[in-house]
Every structure is written in structure tokens, then in C-alpha cells.
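> Each chain is listed here by its residues.
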Amino acid sequence: MVNRLRTKLIRDVRAGIWQIVAISIVAGLGVAMFYGLLMGYSNQKISYAVSYQRLRFADVTIGLKRAPRAIVQRISGMPGVIHVDGRLVVDLDVEQSPGRRGRVTGRLVTLPPRDQPAVNQLLVLEGRLPIGSARREAALESSFAARHKYRPGDRIFPKLDGQRVAFTVTGIVSSPEYIYAVQSKQLLMPTPETFGVLFVRRDQIESLLGMAGSVNEVTLVTEPGQADRIGEEIRRRYSAYGSQDPMTRAEQPSNLLLQSDLDGYAPAAVLMPTLFLGTAALAVSLVLARWVQAQRGQVGFLRASGFPPSAILQHYLELGIAAGAGGGLVGVGLGYGYGLLISKVYADLLHMPYQIVEPHPELAVAGFGLSLVACGLGALGPARQAAAMSPAEAMRGQVPSSPMLAARIPLPLMLALPLRNLLRRPLRTLGTAVGVGASTILLILTGSMLDSLDASLRTYLKEVQNYDLLVGFSEPPADGILFHFRRWPGVLRVEPSLELPVRILHNGRSEETVMIGVLPGSQLRRLPSLDTGLPMFPLPGTVLFTDALMRKLNLERGNLLNIAYTQNTREFSAEANLRSGDPVHQPIGTPIYIGLRDLQLRYGVPLGLPPRGITGALLRVEPGYLASVRARFQARKDVALVQTSDELAAQIYELTAYSRTFMGIFMLFGAAMALAVTYTATDSILWERTRELATLRTLGFGMGRISILVALENMMVAALGAAIGLYPGIRVAQGLMDATQTEGFAMKLVVSQQTYLMALAAPVVLVFLAQWPGLRRISRLDLAGAIRLRDE
Amino acid sequence: MDAPLVRMRGVWKRYRMGKTEVPALRNIDLEIPAGEFVVFLGPSGSGKTTLLNIVGGLDTVSEGEVLVNGRVLAAQSEAALTVYRRETIGFVFQFFNLVPTLTAKENVELVAQLAKSPRDPGEVLRSVGLAGREHHFPSAMSGGEQQRVAIARALVKRPALVLADEPTGNLDIETAIIVLRVLRDAQRADGHGVLLVTHNQDIARMADRVVRLHGGSLAGVEEVAHPVEPEELQW
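Protein chains in written order, with this note's numbering: chain U, -9 to 782; chain H, 296 to 530.
In short, the hints are calculated from the structure, not lab data. Virtual Cβ for every residue (Gly too), placed ideally from N, Cα, C. One thing to keep in mind: the hints can contain errors.
[As the list claims (entries may be wrong)] With the Cβ distance kept under 10 Å, some of the chain H side facing chain U (calculated, not the full set):
| id | residue |
| --- | --- |
| 1 | Asn348 |
| 2 | Ala370 |
| 3 | Gln371 |
| 4 | Glu373 |
| 5 | Arg380 |
| 6 | Arg381 |
| 7 | Thr383 |
| 8 | Glu401 |
| 9 | Leu405 |
| 10 | Val406 |
| 11 | Ala410 |
| 12 | Arg448 |
| 13 | Trp530 |
Take the sequences, apply the hints, and build the full model.
Rendered as C-alpha cells:
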């Protein structure tokens, strides 16, 4: 015989299908978050690993001033070394053909005369690698080539020893070192507009660079766990050749950004599914609690007929699990699409040599299981309550507690009725409100993340970097040169800039960054205090840090630090012991700031710069003159970099597009969850009160009046839920923000008025939508039948 | 007289209402033979439903002893009481308590699947006059039909005792008589006992035995020499 309890289960599910669907959607969104995020995470991780492994990404890189190529052979014999390559890496000005941006910074990286290098091999995406011959050919890194629309056959003009030399582009390549095409660890941001990598054959370039038979960088693939030891050994052994500190994979700029992307997944992959699945569990619990109440008579009969408590428990658990199974199916489908979308957005953002997209069925199974567990746990409470019911008591029906407190509040009947209904079962009302509150949490969370992102960019672009144009010089001139620019038409203000790469040492911790000299009273570069937001200026002998870097170095105000120029040589070197000042609020990048004069005297002069030497200039330009001023700078031979603030903004917005896509999807999911939760809550209330509302109708209440009564009650719950979710929403947002901070991108939590308004108003508005199906049902009720109902 | 089906000795049932204890049953001594149609008669609050629930293993005594079929109910665990209800008792309720999402036949099958050797659900439904209505849902049936489904559901597992709590309380007289006829016929045909709770004096005329209760105490037990047929009842 067919199990009739199972038949009842199926029919119950069918009768309450929209509530089950709504719960399944909430659970499904949680599973989709879980599966999609982890699928994206896993695919990216595998893509990195495969790209790194197939292209032999260096485990360690050691810069040298100049060393004979013979050391490559010697290093290859060291224990633990698998592959080694010696090469020349030189940054220089590159001119481009008309129609493209005039001048950019190029990095020439040499390849062996034939074939691929032993380490950091290239994946040819288009065309071919240069052929080692008399022809001057170069392969271009893909993000730079894409930005400037290079195709094989085009020409590019690096300036070697002041001479413009034409190279033919033979191919577009992807390199494991430049998946994020980052110039240096000091400038942890891909800037394809102004920076590109050119791969050229060694024999075509080394004599032009005056480096024949020499290398200035060795790259190695080592046995696992040997990179640090070998790197240190090479640095020590070849110090006579100006060996620099080894750079392991963990410190490699592109890999650093990739890792920070991966690290960004973890908090979201845990928090978001937890929020959704927790809400699904709560929704199951609320709906089932109402079902159990409505079916008390049936439960009583089943128990009286000899069904054991375990059968009742199982029956109601199965209802929860049915919702969980629905959620699991929805979630796996959605999650697969979401995972593909993440992978695609990421692949579009980066030029990953090998993009691996796998469905990861184990994650789908785990997501499905999580949905079952969450909804099963949600069902456990009501199911246990049903199983524990004494049959005699169950059949007597439940007498609701009387709203004593509410009865004392003098209110018009239309307000008193909904309020008393809510206070009649305060715990259930609270449960429903908490469900609505979960949506508020999500709306606050996603809204504030977008607010914070916008505010951070505004702070950086309008407060910290308050210039229209940034100019970088090829060789540091004296600041007298700025007087010349001030006379240019349209130039309103010019300020000097001096930036030097430095290494900070503090309590055994070391960090490389760039030290920027700040002009007292600067209007084009401001340093807002983290605490007050007011502009600060470093006192003599003091350096200001971003709060992210202070945390990383475990710094406090007043600590003494050793700060050394990173490229110290025997001839020129500079280092000083300086004190840390108050933290600066700078969301992007981790430079450190010192007074301009301090920097010039303590570092510039020892390094052989002019006494008032500068490396660049910041300009405020009248809007109508920006293009012409920019063009004039680009035409100058002593200028290596020209960047408008709009170009910088565009680069940053491009870099954060991925985060925005994420947040946008979270917000959509949040709105869907809010609708689903409010639907389950309002519809449950309406089911439960069908008889009461039908009675009101028979007494002459019109649907309009009934709708107002119901809407008032639901809106009171929604408003309570929104209020409940507000504070936790802010805390969760702060937690997520803290967890996703990277040293290069550190936001401060900002919640805009619009976000507050949206988070508070959305549940109330959604209630109007959500109660519509239930009200429609009541308007179509067979009144005579409905008022006879005992249990429903 | 053979060994009684139900034997009660010094049964008290007290409910706690806040700090005070309210007795629902006071020192009940009662014996009910097997196979009889017994009516528990009394006004509201007399304790008749409490007594029925105790016999049905839905409630426990505060003091005293209850034996059904020689089994001491007070000593039973909840699990054992569940088995007892499953194997011995069939319930019929005033408000039917049908599962609204199951058809008439499915409602009966639901209980049949609990029994070791159940009757055929279709046959039981026919026996209560519901031939042709097997596949209707409760919402499409009249009150009398629903109550007959409830009776069929109680009978399908061949219980030793059918307990009916105000089974006609919600029905008009014509329908009530049909329901009482079904109960009477089933009792005669199968030989199981029926304990029927009612406040309707007239229904007592069809009983083999009437147990009168008042204020939780036994007001009297009388054997009815010539029980009338349900169709002769009037109220």
C-alpha cells in the first residue's frame, strides 16, 4: 500500500507550493552563492596553478645590477634548482605610433635567442614569438596590447639610450608574471594605459643596452619549499654583482594581487550562504510552525490512531527537507550559472593564460546537502513540537494567549486589531520579523559595500589625489623646472612631487613601498586623518602611514623605523630612522608620506639628486586646457609619464568593476530573498487567519478594509524586521569589510542615506507585493465554507 | 459476567491550573464488558471526555488504576501507549479530524497501514454507506459523510474498542442517526465495543449500558434492557 503519510506530505507541499517555492528560492540563493563563489574560487585557483605550472612561473626572482651570464650555468648546478633563466629587464620610455597614446613606460624583458625561456614562459595568444635574428621584433603583453589595439605587424618604438628604435610586433602573449600587468609592488595596480611589457630576443637588444653577455635578473623554478633558501643563497653568493633581496612568488606583484582576489572570496563564500541558508531555515521554521498549528487536529488524530512520535517528527522534517531539496536543485542550477559568470567576468578582466572552467560536482553536492541540512534544521523545531504534542491536547485546539498589554493601549479598532494580532503570539511575530530582518541585513550589507567603494574612490580621487594631471620625469630635475610650466596657458597650479621606492624595517618585519614627499600646504595632494578626516602634514623626522600598512607592520604612533632606499648601491645610498605619525585615511595603495624637504635632504641628496630634486609634478589645469597641456607634456623628452585624474579614475573603476558586479548580484539576490521571505511570512499569516478574515467579510467588511487591516499588520512586522536588521546589517558589513581589506585597497565603512532608506523601505514595500496573492485568495473565498473551517 | 474489557479502580484525574489543582475525575470505579455499546452521558465539564481519553490512552490518571484487556495503562510508556492505541483503539471525533489533503479512501488507508491485519479500506467505506465516494476529498463531502469516513477510519484496523467523542455533536438529527446506525451496525457485525461520549440524553436510549457522570464523579451505571434502534431516536 502506498504510504499515505507520504501522500499527505505530497499534497501538503502541493497545497502550500508557493510558500515552499519561496523558501526554496531563499535556500537556492544560498546554495547558488555557495556553489557559484566556491566554483569561481576553485576555477581561479586551478587556473593560476595550471598557468603557473605549464608556463613555469618563477618560484623566486633575484635582481642584479649586472652579472655575467655564466652565473646562470653556476646557479643551475645548485641543489634544489629545477630551472633557471638569466635575462635583462629594463624599464624605459616607449613611443607609440600616431593614433595611440604618445608615450608610455615600457618594460623590455629579454628572451633567449631561440625558443621559450626556461622560466616564466609565454603563451602566444596571437601571432608568434620574435625570431632571433637581425630583425627587431617584440611580443607584447596582452593587456597592454588590447588597451592600445596592437596587432601583429604593428610597430612600437622603445627609446634605447635616447634613441627611438622601431620594433615590429610579432605576437600578443600572456605571461605568468603579468597576469595582472603591474609595474611594481609599490604601484599595485594594473595600468595598461601607461605601462606595457615587451618581450624581445636577447641578441637584438643587449648590445643596444650596453649589456652584452650580461644579465640583471635571474629567475628560478625550485624544488618545493626551497625557494627562500636558494634565493638567499644566490643573494649572498652574488652580492658582488649587486644582487638584491630575492622576491619569492608570494611577493611577486601580479601573484600578490591574484592572491588578494582569492582571499577576497573566503569571507563572502562563508557569510553570504550562511545568511541565505540561515534565513531559509528560519523561513522553514516559521512556515512549518504555522502548518503544525493549523494541523493540530490532524496531528492529534494521527497520534491517537497509533502513529508514533517518530513518524510525526519524520513527516514534518520531510516537509522541511522537501523545501531544502527544491532549494538545492534551484541553487545548483543558479550556482552553476553564477560560477560561470564569475569565471567569465574574471577572465575578461584578466588575461589568464589558461582559464580552467570545471563544474566541480563535489561542490554542487555539498551545496545541495547544505540546503537539506539548513531546511531540515529549520523544520526540526516545529517537527519536534508536533511530535511532542499530546494527542488529547492537540485535538482540543490551541487557545491563543490574550493580548493583555495591547488591550490596555487605547487605539482605533483598525490599529488595535493588527497590533493585538501581533502581540497575541509575540514569539512568532518576532520570528517573522527576524526573517524580514535578514533581508535588511543583506540590503544594508550590499548597499553599504557599494557606498563604501564609491566613498573610497571619491576620497582617493577628490581628496587625496586632488590634481588634474600627474607628470613623471625620466630623470629627476630640480624643482625650478616647475616655474616654466606655471606660465603655460590653462595651468592654474603646479606642485612638486618626489617619490622614491623604499624598504621599511620594523621589529623584524619588512615592507617595500613608495615614499612620497609632500609639499606643506599642498592643495593637490591631501592627507586626510583617519580619525578626524582633516588634512595632516608630517612633522620633520616623521612619516605618515596608511592605516592598512600600520596594521600590517604592527605600527603605533611614535614608533622608530628604519627606512632605506631599495636600490642602494656602494656609490649612492640613503636610509634614515624616522618616527611613525598618525594614520592617514587612504583607501587605495599603501605609500608613506614625509615632508618634501625632509625627503629631499635625507634621501634625495645622498642619492645624488639635485638639492631640490623632484621626480614629478602635480597640476591643476583649467578644464578647457587639459588636452593641450597633456599633449605638451607628452611631447617633452624629459617626461616619462603623463596621466590625467580621469584616466586614473577610469583605471580604478575598471579594477573595481569586478567587485561591483559581485555586489550588484548580491543586491539582486538580497531583493529576491526579501520578497521570498516577506511572501512566506505574509502568506502564512493570511492562511492562518482565513477564517477570521472570512468572518469579517460576512460581517460586511469590504476587501479594501480587510486589505488595510492585513497590510497594517504585515507592515508592522516588516517595520519591526527592518529595525531589527539594521544594526546587525551594519556590523556584518563592517565584519565583511574588515575581512576583505587588502593592503592595496582598504575601505572605510560608509552607509549612505539612500541605503538606509532602501533597507528600511524595501521590506515595507515588498510586503504590499507579497500579500497580494493571499488577499486575492481571500477575496475569492467561499465565505460559507471558510467560516465553517475548524482547523485552517 | 466475563472478564470486563475496561476496569477502573479509584481513578482520579487532576489538572493543574496555575497554583490550584482542579479535579476532572473523582474516584471512578467502573467496569465495562467487551462488545457492548456504552454511552458516557453527562453535561459539559462532567469529565466524560477525560474518561474517554484515559481509556484511549490519550491521557493518564493522576491516581488509581485502569486496565483495558487486562493491560494496566498507567504503567505503560508513551511508546507502549502508542502501540496500544494502534492495536486496540479506534477513535471518532466530533470534528472528524480528517486529513483534508487525502481522499476518503486515502484517509482510511492512512490508518490501515498501521494495522497488522486491516480490513479492506474500500469495503469498510462501502459498509458505512460511502460506496462511490472513495475518491472524494473531505471538502467535497457533507458533515455526515465526513463523519462516516472517520468511522471507517476507526474500523479499518479491527479495534477492540471504538471511542467516539460527541460524534454527532456537529450534525443534524437525520445525519446523526445515519452515523449512529453505522456505529451500531459495525459494533454488532464485528463484535467490538463502542464507548460513545455525548450530552444528548436521547442517544443513551440506544446504548447497552449508560454511564452517567456529573462533576467528575460517577453518578450511576445502568444497563439498558431494551435498547432502541437509532432510527427511533428523536431530539
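> Now, for every hint given, state plainly whether the structure supports it.
Checked hints:
The beta carbon of Asn348/H is positioned within 10 Å of a beta carbon in chain U (closest approach about 5 Å), and the interface hint is therefore held. Nearest Cβ of chain U to the Cβ of Ala370/H: about 18 Å, over the 10 Å cut. The hint is violated. The criterion of a C-beta within 10 Å of any C-beta in chain U is not met by Gln371/H, whose closest approach is roughly 13 Å, and the hint is violated. Because the smallest distance between the Cβ of Glu373/H and any Cβ of chain U comes to about 7 Å, under 10 Å, the interface hint for this residue holds.
With its C-beta approaching chain U no nearer than about 4 Å, Arg380/H sits inside the 10 Å limit, and its interface hint holds. Because the smallest distance between the Cβ of Arg381/H and any Cβ of chain U comes to about 2 Å, under 10 Å, the interface hint for this residue holds. The closest approach between the C-beta of Thr383/H and any C-beta of chain U is roughly 9 Å, which is under the 10 Å cut-off, so the hint is satisfied. At a threshold of 10 Å, the smallest CB-CB gap from Glu401/H to chain U is about 5 Å, leaving the interface hint in force.
For Leu405/H, the shortest C-beta to C-beta distance to chain U is roughly 4 Å, which falls under 10 Å, so the interface hint holds. Annotation: Val406/H was flagged as interfacial toward chain U, and the flag holds, the nearest CB pair being 5 Å apart, inside 10 Å. Contact between Ala410/H and chain U, as hinted, is supported at the beta carbon level, the nearest pair being about 8 Å apart and thus within 10 Å. The interface hint given for Arg448/H is met, as the beta carbon of that residue sits about 8 Å from the closest beta carbon of chain U, less than 10 Å.
A hinted interface residue such as Trp530/H counts as satisfied when its beta carbon comes closer than 10 Å to some beta carbon of chain U; here the least separation is about 22 Å, so the hint is violated.
Hint compliance for this structure: hints 2, 3, 13 are not met, and every other hint is.
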